[in-house]
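Student: Read off the chains here:
2 protein chains.
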Amino acid sequence: MVNSKVIVVEKIMDANDQVANQIHDQLTANKVFSINLMASPGAGKTTFILRTIRELSAKLRMAVIEGDTAPVTIDADKITAAGVLAVQINTGGECHLDAMMMKRGLEQLPLDSLDLVIVENVGNLICPAAFNLGTHANILIASVPEGDDKPYKYPNIYRGLDVLIISKTDLLPYIQFNMDYFKQGVGLLNPGLSTFALSAQSGAGFAAWINWLEKQVDQLKSNG
Amino acid sequence: MVNSKVIVVEKIMDANDQVANQIHDQLTANKVFSINLMASPGAGKTTFILRTIRELSAKLRMAVIEGDTAPVTIDADKITAAGVLAVQINTGGECHLDAMMMKRGLEQLPLDSLDLVIVENVGNLICPAAFNLGTHANILIASVPEGDDKPYKYPNIYRGLDVLIISKTDLLPYIQFNMDYFKQGVGLLNPGLSTFALSAQSGAGFAAWINWLEKQVDQLKSNG
Numbered sequence: 073m074v075n076s077k078v079i080v081v082e083k084i085m086d087a088n089d090q091v092a093n094q095i096h097d098q099l100t101a102n103k104v105f106s107i108n109l110m111a112s113p114g115a116g117k118t119t120f121i122l123r124t125i126r127e128l129s130a131k132l133r134m135a136v137i138e139g140d141t142a143p144v145t146i147d148a149d150k151i152t153a154a155g156v157l158a159v160q161i162n163t164g165g166e167c168h169l170d171a172m173m174m175k176r177g178l179e180q181l182p183l184d185s186l187d188l189v190i191v192e193n194v195g196n197l198i199c200p201a202a203f204n205l206g207t208h209a210n211i212l213i214a215s216v217p218e219g220d221d222k223p224y225k226y227p228n229i230y231r232g233l234d235v236l237i238i239s240k241t242d243l244l245p246y247i248q249f250n251m252d253y254f255k256q257g258v259g260l261l262n263p264g265l266s267t268f269a270l271s272a273q274s275g276a277g278f279a280a281w282i283n284w285l286e287k288q289v290d291q292l293k294s295n296g
Numbered sequence: 073m074v075n076s077k078v079i080v081v082e083k084i085m086d087a088n089d090q091v092a093n094q095i096h097d098q099l100t101a102n103k104v105f106s107i108n109l110m111a112s113p114g115a116g117k118t119t120f121i122l123r124t125i126r127e128l129s130a131k132l133r134m135a136v137i138e139g140d141t142a143p144v145t146i147d148a149d150k151i152t153a154a155g156v157l158a159v160q161i162n163t164g165g166e167c168h169l170d171a172m173m174m175k176r177g178l179e180q181l182p183l184d185s186l187d188l189v190i191v192e193n194v195g196n197l198i199c200p201a202a203f204n205l206g207t208h209a210n211i212l213i214a215s216v217p218e219g220d221d222k223p224y225k226y227p228n229i230y231r232g233l234d235v236l237i238i239s240k241t242d243l244l245p246y247i248q249f250n251m252d253y254f255k256q257g258v259g260l261l262n263p264g265l266s267t268f269a270l271s272a273q274s275g276a277g278f279a280a281w282i283n284w285l286e287k288q289v290d291q292l293k294s295n296g
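One line per chain: the protein sequences are A and B, in this order. Count the first sequence with the working numbering and you get residues 73 to 296, in order. Count the second sequence with the working numbering and you get residues 73 to 296, in order.
Here chain A stands alone, though its shape is the one from the complex:
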């Protein structure tokens, strides 16, 4: 039984990577930059997305793909209320988005009139790390109330990152969080990782993140 399980899983991963490659090519050809936002439940992904939308709405044409395990539209409704197109993907209980779901989401978006697609993955530090979605950047939002030991306990997700967002820094005065210990753990897994510490609530530190994102969108536009 174990062997048949392994074979099935390998087939699934191969199929996923194939579709992810197609997605990456399609997004790049359309000059649409895309990010895959991963995090624990409650790390503040939606609040982070809403502030990013607000700060860039005058400059960029954006859409959001919302991954949820349950058929609820809480997050998608908030995005829509902010004036941005949102596509809801229900994973049917699965703990992550995969490239096939991402493809279904993209089919509902007008790629030729977008600059940026933000994917909000399912709240989870384990499963999403294994599934490439074909986006241009894998980003983890680690909120400080989760504690400073997370890189040590969930190394896989940190290894595959392009960007790390340390969020809810406004709560630092009220909790025990050793930033040096946290960053040391990250450094062991992913040396030189681009990192932004910020509060989507207060806005502190947010400008550097927006700056980075705008630069990526511009770079993709000016290529070729």
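Accuracy of the hints is not assured; some may be wrong.
You can't tell identical chains apart in this list, so a pair holds if it fits in one copy or across any two.
Said to hold, decoys possible - 25 Å max Cα-Cα, derived DSS-like pairs, lysine-lysine: (1) LYS225 <-> LYS175; (2) LYS225 <-> LYS131; (3) LYS293 <-> LYS175.
The hints are simulated quantities; they were obtained by calculation from the structure and are not laboratory data.
Following the hints, complete the assembly by docking chain B onto the known chain A.
Tutor: For chain B alone, coordinates are given in the frame of chain A:
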């Protein structure tokens, strides 16, 4: 391919439930009460366990089974330092403990000289909900910084609970958390669920939880 995946998954779940039933009988026969603690990463499971151990160490003989996705002993070391036997189970990247892993953990414990086994599941709100471990109570720790919308977004885990712990209440003054909205969501999924709001850091509200736990241990002892 989808069909073969479904069949494999069904076989795994059946095998899991069979082992879980054996575990439940074994623990009950030994009059060892056991709890399965589930939570998001960083909800404060280990801090919660450490305080529970501290408050009950004079009365109960305890052991902890630590589920981790990575081969790190951060949590197990803290438990051992608190003078309690800890068994580390590495899930090998899997996002949850299952009954077979639980069985391996129990084999390393002297059940005839224990009153309480605390299982710290992998930090995750999706996968652990599907795997019965044979414990007497399924408990979720929901920390307030995760936000008040979690019952709506992760309904499956709330449906299967025997107890809900609302943790990190000391942070309530610094965050937006609508307790009524949260509890309304819980009530829709699991009416009448035993709920304890507390801070393992300050100790506020902890006595009611300890009271409940002691009562369960006593009840199991006095049965039969």
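Student: Now look at each hint and say whether the structure bears it out.
Tutor: We went through each hint and held it up to the structure:
1. LYS225 <-> LYS175: between (31 Å within a copy, 23 Å between copies)
2. LYS225 <-> LYS131: Result: close neither inside a copy nor across copies, 39 Å intra and 32 Å inter.
3. LYS293 <-> LYS175: within (22 Å within a copy, 55 Å between copies)
Going down the numbered hints, you'll see the structure goes against just number 2.
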